[in-house]
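A.B. asks: Line by line, the protein sequences give chains Y and H.
Numbering (our numbering) for the first sequence: 1 to 430.
Numbering (our numbering) for the second sequence: 1 to 315.
Each statement offered as a hint is correct.
With the C-beta cut set under 8 Å, the calculated list includes, among others, these residues of chain Y facing chain H:
1) Lys132
2) Gln137
3) Glu138
4) Glu141
5) Gly143
6) Arg168
7) Thr171
8) Arg174
9) Asp175
No farther apart than 25 Å at their CA atoms in a straight line, the calculated lysine-lysine pairs in the DSS-like style are these:
10) Lys146/Y to Lys244/H
11) Lys132/Y to Lys244/H
12) Lys220/H to Lys261/H
Here are the simulated distance ranges between beta carbons:
13) Ala323/Y to Thr95/H: 53 to 61 Å
14) Pro271/H to Glu212/Y: 43 to 51 Å
15) Pro271/H to Gly71/Y: 41 to 49 Å
16) Gly19/H to Gly133/Y: 47 to 55 Å
17) Thr95/H to Glu324/Y: 55 to 63 Å
18) Ser238/H to Arg319/Y: 41 to 49 Å
19) Gly375/Y to Val294/H: 57 to 65 Å
20) Thr95/H to Ser100/Y: 49 to 57 Å
21) Gly375/Y to Gly162/H: 45 to 53 Å
22) Asp30/H to Asp110/Y: 55 to 63 Å
23) Asp30/H to Gly133/Y: 54 to 62 Å
24) Arg232/H to Val113/Y: 31 to 39 Å
Worth flagging that the hints you see were computed from the coordinates, not collected in a lab.
Since the structure is predicted, the reported quantities are computational estimates derived from the model, not experimental observations.
Idealized CB from N, CA, C, for every residue including glycine.
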Amino acid sequence: MSSQPILFKNARLIDPAGDREERGGVLVRDGFIQAVGPQVAEAADAQVIDCGGQVLSPGLIDMRAFIGEPGGPYRETLKSAGEAAAAGGVTTVVSMPDTSPALDDPAVIDFIVRRARDTSIVNICPAAALTKGLEGQEMVEIGRLKEAGAIAFTDGARSLTNAQVMRRALTYARDFDALIIHHVEDPDLVGQGVMNEGEFASRLGLPGIPREAETVMLERDIRLVRLTGGRYHAAMISCADSAEIMRRAKQDVLPVTCGVSINHLALNENDIGDYRTFLKLSPPLRHEDDRQAMIEALADGTIDVIVSDHNPQDVENKRLPFAEAADGAVGLETLLSAALRLVHSDRISLPKLLRALSTKPAEILGLPGGRLAVGAPADLIVFDPDAPYVLDKRQLKSLSKNTPFDEARLEGRVSTTMVAGRVVFQHDTM
Amino acid sequence: MTDAPRSVFPHRHLLGIEGLSPLDIQALLDLADQQVEVSRQIEKSKSSLRGRTQINLFFEASTRTQSSFEIAGKRLGADVMNMQVGSSSVKKGETLIDTAVTLNAMRPDIIVVRHHAAGAVHLLAQKVDCSVVNAGDGAHEHPTQALLDALTIRRNKGRIEGLTVAICGDILHSRVARSNMILLAAMGARVRLVAPSTLLPPGIARLGFETFTSMKEGLKDADIVMMLRLQRERMNGSFVPSVKEYFRFYGLDQEKLAFAKPDALVMHPGPMNRGVEISSDVADGPQSLIREQVEMGVAVRMAVLEALASHLPNR
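Here chain Y stands alone, though its shape is the one from the complex (with noise of 0.2 Å):
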């Protein structure tokens, strides 16, 4: 089957993997790169894409995104997630599996598959339960959930306190060479606590969440990584001292990798300000110089993965007093924007943060994405870096509107995103 090939022309390559960054153009063909460079020959029969001057570049990877389907289609389906991706330059969206029933069962993963293949216009890869459940007793069938398309195990959402569990699962998942994905935060520590734990929240009258919670699990997980020999991935660290955790580990050449969301990059506790439940995260909003830790970890390249963490919660869930609200935010059509502050403050070159987005992901994911090259395949995005605009929540795609960065000047906006070599996203005003 051959389609129409897409011409994109006169834009500013970047391509995180090969860290180059020229002005030129990509030849699109059946859904590949086809041709990538400065003199990109136009084929007579293709459709042109002029750019403008633009960034193009892989499109994004974001390994944590919470979708309602199965289970709370009210909150996100794969439908609109997917156009939610879309519009924010994800091209390829890691589900969490923490749904009702929750993904630990292979027809499970593989309705998952068909249904976004059907709905989504992104791809979606469900990552599964480690535990039965997400009960943290009784590890699911990573063999089986493999081949039917689990690209990850976690349990999400949840942290997996038993030690012996979470040996045994690493243990095992090193034969099937699968990636274990842990929220790190150890809910007895965290117990009560809905923000972190400090002078602000005791200003605000509010338990605390230690760093403790994040750091013990974190360093008990490392060691029986040391142990197993698992492949390992912190889904989001979120303080100074577990970046150090990491430092080490890597140091020790361990197969460990790490992730931080976006809102630990771009926010801080102060942003609670007046009891704001789009604030409540898990893990929690940290101290300022927690985030500028995080920034300095995800230059130096400890931290390898920037997430949305995306998180849709109805306004039920929502709308009550900051101890009871549920945690989480929206994040996929904020994530590229958010994190090019970091570019627009000198703190990280668009390359490299573009490598955290895209490439880094791909390469812990074993997905063939996440770099400009030929023969890759054709999810790409053209985003202009400088565009400012002020969110407004109402225009969001998602079907939950809990951003945290409502109404908040953001620069950088996305005007094309190419999934598959199709267009799925098109900005208006282009």
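Fit chain H to the known structure of chain Y by using the hints.
C.D. replies: Leaving out everything else, chain H in the frame of chain Y:
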């Protein structure tokens, strides 16, 4: 048949394969070959253990091993007594020793012991004056099983040396695997261990055994595929995720057996979980030695009892 020559076997007890020399093993297998002939006669009885008392002391339920020892003893003319000890009443080491001392006072000649704790049979052997045979202690050893497996292999392949034997499944918890690993390595076979990493004993590769986590690689060019039983309580997410998944990746079916040599033979110590570690068509198929193993079990136990009897006092 003549009785076995004296002192063919220079040990008072059979507590494990560990500690036996290749010559010891060979002597037992040679003797067992003779016992196979005895067992195949109409008149199956011998008199080498006449007047001797054999106690089968089983702290852990077992049908086949206990009956195999019972038949073996009876065919040799011994008075065999079975003692089933409820495992609840013997949880303390003290009770085990008390039991041993009590039994010892009844002046048995041979005690056959199975116990759920590794090392329990050794402990008991220190407290009695008679010969002790280990019929399985925890996840430690099951020497007569390894001997019967070796006998079965030798009779079918004509040798043990140089064969590639893949032991597959729950090696971590298996005394059968441990005894077989030691015996087969001592007799010059290449021993491979094939299991998910959760069922491989930590550090086992450093003991000189090749380990594999994929059946395809582990079974490649194997002469013998030895399957192990997976206990039910280990199937549901603790060591392996499920029966379905275990069978899919580690259960021996025709497809996986095809990775081994075309003339590979299949063994299983029993009792089998059909559809868990082995498919029925393989278990009952032409490459299966599983039923023959049971027959060899009686012969090997006769050989062991007879060899030990040659060291008993008053001989």
